[in-house]
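Participant: This is what each chain is made of:
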Amino acid sequence: MSNIPDELSYTKEHEWVAGLDESVNVTVGITAYAAEALGDVVYVQLPEAGTTVQAGDSVGEVESTKSVSEIYAPLGGEVVEVNQAVVDDPSLVNNDPYGEGWMFRVRVEGDPEDLLSAEEYKALTSGES
Amino acid sequence: MSRPTPLRDVHESLGATLTDFAGWLMPLRYGSESAEHNAVRKAAGLFDLSHMGEIFVTGPQAAEALDYALVGHLSAVAVGRARYTMIVNERGGVLDDLIVYRLGEEEFMVVANASNYELVARELTGRAEAYDAVVDDRSEQYALIAVQGPRAQEILATLTDADLAGLKYYAGLPGLVDGRQALIARTGYTGEDGFELFVAAEDAVPLWHALTAAGESAGLIPAGLSSRDTLRLEAGMPLYGNELNADLTPFDAGLGRVVKFDKPGDFVGRAALEAVKDVPPRRRLAGLVARGRRVPRHGYPVTKDGAVVGEVTSGAPSQTLGKPIAMAYVDAGAGEGLTVDIRGSHEPVDVVELPFYRRNK
Chain A
1 MSNIPDELSY TKEHEWVAGL DESVNVTVGI TAYAAEALGD VVYVQLPEAG TTVQAGDSVG
61 EVESTKSVSE IYAPLGGEVV EVNQAVVDDP SLVNNDPYGE GWMFRVRVEG DPEDLLSAEE
121 YKALTSGES
Chain B
1 MSRPTPLRDV HESLGATLTD FAGWLMPLRY GSESAEHNAV RKAAGLFDLS HMGEIFVTGP
61 QAAEALDYAL VGHLSAVAVG RARYTMIVNE RGGVLDDLIV YRLGEEEFMV VANASNYELV
121 ARELTGRAEA YDAVVDDRSE QYALIAVQGP RAQEILATLT DADLAGLKYY AGLPGLVDGR
181 QALIARTGYT GEDGFELFVA AEDAVPLWHA LTAAGESAGL IPAGLSSRDT LRLEAGMPLY
241 GNELNADLTP FDAGLGRVVK FDKPGDFVGR AALEAVKDVP PRRRLAGLVA RGRRVPRHGY
301 PVTKDGAVVG EVTSGAPSQT LGKPIAMAYV DAGAGEGLTV DIRGSHEPVD VVELPFYRRN
361 K
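Protein chains in written order, with the UniProt record's numbering: chain A, 1 to 129; chain B, 1 to 361.
If you're looking for bench data, these hints aren't it; they were derived computationally from the structure. Keep in mind that a hint or two might mislead.
Which bits of chain B does chain A cover? Going by a derived footprint, with three or more residues having C-beta under 8 Å, they are [to be verified]:
id: 1; segment: 27-33
id: 2; segment: 294-301
Straight-line Cα separation of at most 27 Å, BS3-like style, residue types lysine-lysine; simulated pairs [as the list claims (entries may be wrong)]:
id: 3; chain 1: A; residue 1: K122; chain 2: A; residue 2: K66
id: 4; chain 1: B; residue 1: K168; chain 2: B; residue 2: K42
id: 5; chain 1: B; residue 1: K323; chain 2: B; residue 2: K304
id: 6; chain 1: A; residue 1: K12; chain 2: A; residue 2: K122
id: 7; chain 1: A; residue 1: K66; chain 2: B; residue 2: K304
id: 8; chain 1: B; residue 1: K323; chain 2: A; residue 2: K66
id: 9; chain 1: A; residue 1: K66; chain 2: B; residue 2: K42
id: 10; chain 1: B; residue 1: K277; chain 2: B; residue 2: K260
id: 11; chain 1: B; residue 1: K260; chain 2: B; residue 2: K168
Glycine included, each C-beta is placed from N, C-alpha and C at the ideal position.
With the hints as extra help, turn the sequences into a complete structure.
Facilitator: In structure tokens:
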């Protein structure tokens, strides 16, 4: 069973969102479940800081030995920071998906919607595995 | 439902990520596929290949039947040796690539790919009809476990008295491994030295455990299909369904050397292959090394100045080169300056000779 921290919000596409309650800037990454499914991540492409994104936009990609998957913006706003460390060392996605493996930060505009609670995400992934 | 191999419970207990492959439930990886890849290059890896097909051809005319059924000259193979060969259709299209072991004067074992072995067994049965030979698909009765890597011989030597040092590449001999009857073959699909052990299905689990214990101190770890694929790609070895298919002849695939026109008698596909053997193929199989970090994958178009000049057949990040690598069929005259269309962006690649990796012997 993958680690699914209670305090985060999630998307059906396996992104996590941190800081939704405390701040206008939220942090986005991909879940441990997604990282395990991908296998060893070898390449991460992230949006550029300053880009304005809409919820559901494809903003980057995560590539492993066997597959590639897109990263979707979980909510709309301006990308204010990207994690260059994860670009330089993609294994951070596997080793610390909720910590050092974070991907980018977004200044949220408007009300986020359609995010899943940890409980809902657990239900989703237990159905898939 | 995918068919499990005799080692399914072992894979599950090791926490393997299982995947459907050619109708079989197979371990994709146990932990990190990169670690498994590197273990095979530097120490040893243990593979379950029980999904492969084992088809026996026996009888006084077994050799002649195989000479007719396959493109190789099997009657010229010495007892105890093996050959890489192919079975083609009347048009010369490749139905499968095979390794054939000559176990006796009148006994051969044909090892076929999991996705094709039922077809191969059927074709061999039909093609052998006019000969005094029996074709028997024993795939269900056999398990296949491979130990691959530079330390494979020293690991296996702790479990067998067989003369491993005297066993040549592409040779096989019967012997006892951990007290169990096995065909010990010095073959593999990783570009490393190594052995493939064909054993009775019921011996697979105890043999796996014995090999695991014997190899632990040498760095042997179980390795899944994901690392098997990156290893064989680095070694430039074709995969049926990627580099080989029924629309391509062995010459199209750059493997025309396996077709033995000088063997006695006719063989299935001879006329079609003779007609094309001196015709330069329109496309050739090329090695590509990406300059960037995005991976050219199976099916992606190879382009030059915006025009499609080929297609990627296999691609993966290479542990050994530290860059993405790919094999692709590319127009013979395409030259340099190629790009691969990676999901809409044209990424530059360099054309290199295959294989990407060759071990030091």
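Participant: All hints, please: hold or fail.
Facilitator: Here's how the hints hold up against the structure:
For the segment 27-33 of chain B, the proposed coverage by chain A is satisfied: 4 residues have a C-beta within less than 8 Å of a C-beta in that chain, meeting the threshold of three. Beta-carbon proximity to chain A at under 8 Å applies to 3 residues in the segment 294-301 of chain B; the threshold of 3 is reached and the given coverage holds. Distance restraint check for A:K122 and A:K66: the Cα-Cα separation of roughly 25 Å lies within the 27 Å cut-off, and the hinted pair is therefore satisfied. In summary, the hint linking B:K168 to B:K42 is supported, as the alpha carbons are separated by about 21 Å, within the 27 Å threshold.
Distance restraint check for B:K323 and B:K304: the Cα-Cα separation of roughly 21 Å lies within the 27 Å cut-off, and the hinted pair is therefore satisfied. The hinted pair formed by A:K12 and A:K122 meets the criterion: a straight-line CA distance of about 11 Å does not exceed 27 Å. A hinted pair counts as satisfied when its Cα atoms are at most 27 Å apart, and A:K66 with B:K304 qualifies at roughly 26 Å. Restraint check for B:K323 and A:K66: the C-alpha separation of about 14 Å stays at or below 27 Å, so the hint holds.
Between A:K66 and B:K42 the CA atoms are separated by roughly 22 Å; this keeps the pair inside 27 Å, and the hint holds. A threshold of 27 Å between alpha carbons decides the hint, and for B:K277 with B:K260 the separation of about 11 Å falls inside it, so the pair holds. Our distance criterion of 27 Å between C-alpha atoms is met by B:K260 and B:K168, whose separation comes to about 22 Å.
Of the numbered hints listed earlier, not one is contradicted by the structure.
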